[in-house]
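Colleague: Reconstruct the complex from the two isolated chains, following the hints.
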Amino acid sequence: MDWLMEIVVIGLIAAAAGLVWKNYRTKKEAERFAEKVETALDAIVTGKEWDLEEELEDSLWGRTGTQLEKVEQVFRKKEEESFCEKERVKGLISDISHQIKTPVANIKLYMELLEGENVSPDAQKFLKKIKGQTEKIDFLMQSMVKMSRLETGILQIHKEEKDLYETIGRAVSAVVAEAAAKDIDLYVDCEKPMQIRHDSKWTEEAIYNILDNAVKYTENGGKIQIHARRQELFLQLSISDTGKGIALERQAEIFTRFYREPEVHEKPGVGIGLYLARTIMELQKGYIEVKSEPGKGACFSLYFLVNDAQESITAL
Amino acid sequence: MKNFIVETKNLKKYYQMGENTVKALDGVDFRVKDREFVAIIGKSGSGKSTLLHMLGGLDVPTEGEVLIDGKRLKGLKKEQLAVFRRRKIGFIFQNYNLVPDLNVYENVILPIELDGRKVDTEYVNGILELLGLSEKKEVLPGTLSGGQQQRVAIARALAAKPAILLADEPTGNLDSATSHDVLGLLKMASKQFGQTLILITHDRDIAQLADRIVHIEDGKIVGDTGKEREDHA
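Protein chains in written order, with this note's numbering: chain A, 1 to 316; chain B, 1 to 233.
Think of the hints as simulated: they come from the structure by calculation, not from any bench.
Using N, Cα and C, we set each Cβ at its ideal position, and we do this for glycine too.
Possibly wrong hints are sitting among the right ones.
[Said to hold, decoys possible] The calculated EDC-like cross-link candidates involving lysine to aspartate or glutamate, where the alpha carbons are at most 20 Å apart (straight line), are:
no.	chain 1	residue 1	chain 2	residue 2
1	B	K118	A	D51
2	B	K161	A	D42
3	A	K291	B	D224
4	B	K191	A	E289
5	A	K36	B	D115
6	B	K33	A	E249
7	B	K43	B	D205
8	A	K291	B	D205
9	B	K33	A	E282
10	B	K12	B	E79
11	A	K201	A	D163
12	B	K137	A	E232
13	B	K33	A	E253
14	B	K161	A	E38
15	B	K12	B	D26
16	B	K118	A	E35
17	B	K191	B	D168
18	A	K36	B	E122
19	A	K48	B	E122
20	B	K78	B	E63
21	B	K33	B	D69
22	B	K220	A	E249
23	B	K118	A	D42
24	A	K48	B	D120
25	B	K9	B	E63
26	A	K192	A	E160
27	B	K23	B	E217
28	B	K161	B	D34
29	B	K191	B	E122
30	B	K43	B	D224
31	B	K118	A	E31
32	B	K118	A	E49
33	A	K291	B	D203
34	A	K28	B	E113
35	A	K28	B	D34
[Unchecked claim] Stretches of chain A that chain B covers, calculated by requiring three or more beta carbons in the stretch to come under 8 Å of a beta carbon on chain B:
no.	segment
36	30-41
37	246-252
38	288-300
Only chain B is shown next, with the shape it has when bound in the complex (with noise of 0.2 Å):
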C-alpha cells in the first residue's frame, strides 16, 4: 500500500484582481512518499510560494482539496487547523524567524511550550549536537552569523518533532557556501529523524540535493524527476 504523506488533488487557487484571475495555482496534483526529500523549484511568481502554503494549511484553495498523512484539510475549523499544523509540520523560512529576546535553546523550544507539551531536554540537546550548537544554547541570536541563526531556525523546526518540514527558500540570505552547509546538515537531519522535508528554491544547485527535483511554472506542475519511477514501482 502506498502511503503518501503529502497529498494535493487538483489543486487551484486563483485570485481577482479587478477584471483579471490571476491564477497562482492551475490544477496541481502532487504527491509526496513518507521521508521523501523533495525539492519544488521554480521561477519568482511560478506557484512554488503558494504551493508550500496549502500544504502548511496556510492558506485555503480556490478549489481542489489538500491531503496531510490521508486527512483533508478542508473540513477543518481554524483552531483545529493551527493545531494540525503545530503539531504535523515544522516551518523552516528565509527569514529565520528567531525571537530575539530569548537565547536559542529557548528559541528551540517554544513551539513546544506553546503547545503546553512537555520538553523532551535529551533529544533536544540531540538535536542542538547534530547541528553543532551545544555551546551556543545560551547566546541571544543576534550575536550568531545568519547560517547559524538558520541552523537554530531548524533545530526549532525539528525539536517538536513533525512529521514533515516545509522550508520556504531556507538559504536565500545566505552565502553559497553557508547554503550548501546548512542544507547538507538540514538534509541529513531530516533523514537521521524520518522525517519528510519538501523545499521551495530557485537554486538548481541546491535543488540537487533532493531525492526528486519537482518543476512548477504558471502554477503548474512541468517536470517531476519522480515521476518515472512511480510508474515503475
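Chain A extracted, bound-state conformation (with noise of 0.2 Å):
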C-alpha cells in the first residue's frame, strides 16, 4: 500500500504548495493595491495627473478607484470654488476702493475751500484733523487693494533676472524728498548692476515700505544706510538707520497686520508696510531678518535667493 502513502504525501505536498501559492499572491494582491491607492491619494492632494486603469472591472481595485476619482472631482470642485470666491472678494475690494475715492477726493476738496474761508482759529483746528483724517482713509483703501491681491494670491510674482541696484534706485527716489526734510543723510552702497532674480516691481515697495518706516522713525540728522552684498547662498540687502529701535518683544510682531507703533498713531500709516514686504519676500523665496536694540536704530535685511529655479511665476 506504499503507493497510497505516496499519494496522499503528494497530494499533501501539492496542497501546502498551492496554499503558500495562494498566499503569495494575495500578498502581491494587497501590496498593489495598497499601492495604487497611496499613488492616487497622492495625486489627489497634489493636484497631479492620474489615470484609473481598470475602471470598469469589478476587482477590489476597481471599486475603490471609481470612488477615489469621485473623491478627486469633489476636491477638485472646492479647489475652484475657493478661487472664484477669492476672485470675488478681490473685485469687491477693489470696486469699493474705486468708489471710495470720489466722495474722499470731494471732502478734500470742501475742506480746502473750507480752510480758504475765515475761520475761527478752534474751527482751523478741527479742519486739520478732518483732513489727517481723510489722508488715512484714503491710504488704508490703497493698502487694502494691494493687501488682498497679495493675500489672495492673485497677485503673481514675476521673478526676471534684473538689475537690483536700479530697483533701490526708485525706492529711494520716492523717499529723498521726506528724508531731506529731516536733513536725514541717505547712503546706497551698491554695485552697480547687481543683477538677481526678482520681481522688480514688488522689490521696490518692499524696500520703500521699510525706507518710508527708516525716515518715519529717524530724528532729524539722523542716517540711513543702504548695503547691498552677494553671499553664497543669499544675497542681503540691508537697510539700517540711526532711529529709535526696536524692543525685543516687538521684533516679531511688527511684521503683524496692522502693527503700528503706539507713538506714531497721529501719523499717516495703517500698519502694513512690513506685512507686505515679508509677503513680498516670502513669495520670492527670501525672507526677512530685522536686528535692532533701543535707542540704537535698526537694520532690516532682504534676503534674495541667489541660484533660483526657472520658473518665473509664483503665486501664494
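Modeller: Printed below as a string of C-alpha cells:
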C-alpha cells in the first residue's frame, strides 16, 4: 500500500504548495492595491495627473478606484470654488476702493475751500484733524487693495534677472524728499549693476516700505544706510537707520498686520508696510530679518535667493 | 478655533542622581501654532534639548503630557511612536548624521524608503533645487563642506513631508556666515512647504530669525515673545 501513502504525501505537498502560492498571490494583490491607493491619494492632494486603469473591472481596486475618482472630482471642484471666491473678494475690494475715491476727493476739495474761508482758530484745528483722517482713509483704501491682492494669491510675483541697483534707486527716489526735509543722510552702497532674479516692482514696494519706516522713526539729522552684498546662498540687502530702534519683544510683532508703534498713532500709515514686505519676500523664496536695540537704530535685511529655479511665476 | 500643532502640559523630566533629583524640565507649558517658527534659547543644561527630545517623542516625560497635532504621545506603544515620529516629524541635528556611503540623493530619500513609501521624485528634486543641491545629487557627503552637508540634512528632513521640523543646534558646527545662510534657507523652506519649525539654539543672532523666541532656564520657561500676542488674539 506504499503507493497510497505516496499519493497522500504528494497530495499534501501539492496542497501546501498551493496554499503558499495562494498566500503569496494574495499578499501581492494587497501590496499592489495599497500602492495604487497611495498613488491616487497623493495625486489628489498634490494636484497631479492621475489615470484610473481597469475602470470597469469589478475587482477590489476597480471599485475603490472609482470612488477615489469621485473624491478627486469633489476636491478639484472645491479648489475651483475657493479660487472663484478669492477673485470675488478681490473684485469687491477693488470696486469699493474705487468708489470711495470720489467721495474722499470731494471731502478734500471742500476742506480746502473751507480752509480758505475765514474760520475761527478752533475751526482751523478741527479742519486739520479732518484732513489727517481723510488722508488716512485714502491710505487705508490703497493698502487694502494691495493686501487683498497679495493675500488672495491672485497677485503674481514675476521674477526676472534684473538690476537690483535700479530697483533700490526707484525706492530711494520715493523717500528722498521726506528724508531731506528731516535732514536725514541717505547712503547707498551697491554694485552697479547687481543682477539678481527678483520681481522688481514688488521688491521696490518692499524696500520703499522699510525706507518709509526708517525715515519716520529716525530723528532729524540721522542716517540711513543701504548695503547690498552677495553671499553664497543669498544676496543680502540691508537697510539700517539711526532711529529709535525696536524692543526685542516687538521684533516679530512688527511684521503682523496693522501693527503700529503706539507713538506714531497720529502720523499717516496703517501698519501693513512690513507685513507686505515680508509677504513679498516670502513669495520670492527669500526672507526678511531685523536686528535692533531700543535707542540704537534698526537694521532690516532682505535676503534674495542667489541660485534660483527657473519658474518665473509664483502664486501663494 | 486655535490650532496648536504642538502642546505640552505641565511637562516634567526628573532624573535621580543618587540622593539628588535633577529637574531637567520642571513644569513646562508650551504651545506652538501651525506653521510657526519658534526658537528656544537657553544656556547648556537649561532643559532646551530635553524639551526638544520630548516633543520628538525621543524621550518619555516623568510627568505631564505632550500632544502633537492633538494626539497624546503617552498612550502610544514603542512601534506606534516610531511610526508616528517618522511620519509627523523631521529632525535636523548638529552633527548632520548623513550616511557616508550613500550619495546626496540617496541620503535625502532614505527615511522615505525606510518607511516603505514611494518617493515623489518631482518633490524631492524641487527641494534639492531650492537648497542649491541639484548639481550635487550624485556626490558623497564626505566631499561636501559643513554647510552643504547640513543642507542635505535639511533636504532629508523636508523630503518626507513632515508637519513639524525639530532642529537641535543645526548650525553648531558651522561658522557664523554659513550658519546664517543655512538657517535662512531653513526658514524660507519651511515657509514654502508650510511646516512648523522649532529650533534650539544658544545663539541670539540665530534666534532672531524666528517668529517667536522662547527663553528657557533651569527647566522652566522664563520668557516668551509670543505670549503677549496670544493674549491679544
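Colleague: Does the structure keep K43 (chain B) and D205 (chain B) at a Cα separation of 20 Å or less?
Modeller: holds, 14 Å
Colleague: Three or more residues of the segment 30-41 of chain A near chain B by CB distance under 8 Å?
Modeller: holds (count 3)
Colleague: Would the pair K48 (chain A) and D120 (chain B) pass a check requiring their Cα atoms to be no farther apart than 20 Å?
Modeller: Roughly 11 Å separates the two Cα atoms, so the pair holds.
Colleague: What's the verdict on K192 (chain A) and E160 (chain A), does the C-alpha distance respect the 20 Å limit or exceed it?
Modeller: holds, 17 Å
Colleague: Count the residues of the segment 288-300 of chain A whose CB lies closer than 8 Å to any CB of chain B, then report whether that count reaches three.
Modeller: With 3 residues in contact (Cβ-Cβ under 8 Å with chain B), the coverage given for the segment 288-300 of chain A holds.
Colleague: Check whether the Cα positions of K161 (chain B) and D34 (chain B) lie no farther apart than 20 Å.
Modeller: Holds. K161 (chain B) to D34 (chain B) sits at ~14 Å (cutoff 20 Å).
Colleague: Given the hint that K28 (chain A) pairs with E113 (chain B), test it: the Cα-Cα distance must not exceed 20 Å.
Modeller: holds, 19 Å
Colleague: Regarding the pair K118 (chain B) and D42 (chain A), is the alpha-carbon distance no greater than 20 Å?
Modeller: Cα-Cα ~10 Å, so holds.
Colleague: Please verify whether K9 (chain B) and E63 (chain B) have alpha carbons no more than 20 Å apart.
Modeller: With Cα atoms ~9 Å apart, K9 (chain B) and E63 (chain B) stay inside 20 Å; holds.
Colleague: What's the verdict on K78 (chain B) and E63 (chain B), does the C-alpha distance respect the 20 Å limit or exceed it?
Modeller: This hinted pair holds, its Cα atoms lying about 18 Å apart.
Colleague: Taken at face value, is the distance from the CA of D69 (chain B) to the CA of K33 (chain B) at most 20 Å?
Modeller: holds, 10 Å
Colleague: Quick one, are K118 (chain B) and D51 (chain A) close enough, alpha carbons at most 20 Å?
Modeller: holds, 17 Å
Checked against the numbered hints given earlier, this structure breaks hints 10 and 35; the rest are met.
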